[in-house]
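J.: In case you want the letters, here they are:
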Amino acid sequence: MSAPVLFRRGRVIDPRNGVDGVRDVLVRDGKVAEVSDAPLPVPPGAEVVEAAGRWVLPGFIDLHVHLREPGEEGKETVLTGCRAAVAGGFTAVVAMPNTKVVNDSGLVTELVLSRARAANLCHVYPAGAITKGLKGEELAETGELVSAGCVAITDDGRPVMNASLMRRALQYATMFGVPVMVHEEDLTLSAGGAMHEGAVSTRLGLRGIPASAEVAMVARDLVLLEETKGRLHIAHVSCEGSVRLIREAKRRGLFVTAEATPHHVILDDRAVGDYDTHAKMAPPLRADRDVEALREALVDGTIDAIATDHAPHGVLDKQVEFEKGINGIVGLETALGLTLELVNAGLLDAKRAVELLTHGPAKAFGLPGGHLAPGAPADITVVDPLEEWTVDAHRFYSRSRNTPFHGRKQKGRVVQTWVSGRKVYADGQVKESR
Amino acid sequence: MRHLLGIEGWRRDELEAVLDRARSHLPGGPDTTHLLRGKVVANLFFEDSTRTRTSFHMAARGLGAGVLDWSPSGSSTSKGETLLDTARNIEATGPVAIVMRHRSSGAPHLVAKHVRCVVINAGDGTHEHPSQALLDAFTLRQRWGSLDGRTVLIVGDILHSRVARSNLWCLKALGARVIVCGPPTLIPPGLEAMGAEVTHNLDAVLPQADAVMCLRLQLERMGEAFLPSTREYSRLFGLTTAREERMKAGALVMHPGPINRGLELAPAVADGARSVILEQVSNGVAVRRAILEVCTS
Ligand SMILES: [Zn+2]
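Respectively, the protein sequence lines represent chains A and B. Mapping of the first sequence onto my numbering: position 185 corresponds to residue 185, and the numbering continues sequentially without gaps. Numbers in my numbering are just positions in the second sequence, counted from 1, shifted up by 434.
Among the hints, erroneous ones may be present.
[What the hints assert, rightly or not] Here are the simulated DSS-like cross-link-like pairs (lysine-lysine), alpha carbons at most 27 Å apart as the crow flies:
| hint | chain 1 | residue 1 | chain 2 | residue 2 |
| --- | --- | --- | --- | --- |
| 1 | B | K547 | A | K318 |
| 2 | A | K363 | A | K250 |
| 3 | B | K547 | A | K324 |
| 4 | A | K411 | A | K423 |
| 5 | B | K606 | B | K682 |
| 6 | A | K318 | A | K31 |
| 7 | A | K409 | B | K547 |
| 8 | A | K135 | A | K100 |
| 9 | A | K324 | A | K363 |
[To be verified] Label pairs and their in silico Cβ distance ranges:
| hint | chain 1 | residue 1 | chain 2 | residue 2 | range |
| --- | --- | --- | --- | --- | --- |
| 10 | A | D274 | B | R495 | 29 to 39 Å |
| 11 | A | V223 | B | E679 | 52 to 62 Å |
| 12 | A | M175 | B | D519 | 48 to 58 Å |
[What the hints assert, rightly or not] Simulated coverage check for chain B against chain A, where a stretch passes if three residues somewhere in it have a Cβ under 8 Å from a Cβ of chain A:
| hint | region |
| --- | --- |
| 13 | 515-529 |
| 14 | 537-543 |
| 15 | 560-566 |
| 16 | 625-633 |
In case anyone wonders, no lab produced these hints; they're calculated from the structure. Even for Gly, the Cβ is constructed at its ideal location relative to N, Cα and C.
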């Protein structure tokens, strides 16, 4: 039994429970025991965290993380990914199934979960594949995946191009109550493209990926969703057209949720600069108008969650011709700082920002945590909103360094991360206990 | 020393300095074989182009340089050597410049970030082909003296054309008005932001042009359904003799070559009085000498 912990006089922001103010938070037995306006007495043997001037938040939940294990342990492992997560304030991550042995069976799910138990840092929730081998041909065994511990199914990294199969996936998954998470990309429209199609791709002479490659698939899947009464989660929304369709679908009461990545709401296609492969991702960084639309969607609730799409790659995957560069960037250790850029710029209020990192994702996938009411798991992230720091990719806990944000100045930083009442990150150090 | 990765970003006076130098490199000019004597220029051609490669080769020799000709056939790229590995190996032989042709847009930019010698882009993917644009501009200056106030019409597959992009930057910088014309499927978005006027109606703009630059139609792309047929392309965008008659008096016809005769250009137009196509080719060496000279000095 761990000692009680008292977080004293921090600004507690707990959007689900409508809390935003100075509170004491008492943790006992890995759960939140009490949240109080008035100062609480220090229980015997308790650890005290002086949190005045800091934010005491529900632990962040990332719905979209690539841990690369099994199969590409040189890029990341469950352990190194969990270190990066807690260093970034995340107490729970959803692990994508597109590993080199695809998570399309209970066996792989169990392997990931056993690695996560061994790492013993944050909660890892595997997502299983929609189709066997992510081939888009036959449904994987959703029932087995869910009973082994998967919280969603997705072929992330690839769209399900076959509309009939997608329709059945949505129908079939209704039996298990898990969301079908989709990477929306019509491959016939995106074929050969290396970045967003627009003035920048024209200037650089790179084949463009039109926004319609995403929007057309969002439209298709919303039509299928309505018909199947299923549950759809749209990953890494990148453009204005998608936002408009999702907003309208929500208004009509469809069970659709959506996420946006920090990079899509911070950068536009101009970040490609002189063929910088660190700005290469799928979906690509879009035009400034799309970035505007995403920011509005974060504010008005069209987007439910900020998710990083943490995608570790080696140096050699990026030090190549732009067209050959592999898609994706790491995101766990920069997510808070980038989100706070919007807050510091007055584009997003702090409470909504916290909601997008906590209750929003928890609710979208039906995960525990994401709030601090008594009885909730004591997954807590302490943030210093004023600390200024500079992103240094060489100091990432992630095994990979592929980020376009190296050297970027940030204001606001994670100072402590607690998972189930245990301190797993503090003072810049991950606290292992294995 | 300075890389030539593209025309974009070069100022008018800098471009004019290259074009002015090129004049002294024309046949019959002063001896220039001392300029790069004892130096090596590496020709790094990942994509075949006999014309551009030979032109750069002759230019380097004319400046007294040795030429290292490198092409990937049978070499290590097929064994997984990366572009940077190759470039660093070439760099280790100590060239004063790497002249590079590559099928990926931006490949020379990547190499330039990692080597210490000058990198000259001899065509990268569908991005830029700066030496072609300079020799086109040189040819026009020979005829006109100045490009100020002139209208150049670029016709054809703008989307896939590195020549179009480089010429757009170059012609605009030198004071010309540029109109681009082609079917909407071959016109990328955002050209207006680069200073071009865009049209799909060749006949409407043809009488305004002081020069018409026909681009090569890349027949290998026909399978991608950019166009219904070459026949229809020729009917809508081909420079036929009938169209030629409606051009301004004295207006010029250009083509970067190689020509699909009868498709972009009627043979009689390609070989006719307006055509400066052969002058473009012969000016190529002088302009590339000037590029090598200016970039390595
Ligand atoms: Zn992903």
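J.: Name the hints, by number, that the structure is in violation of.
T.: 6 and 9
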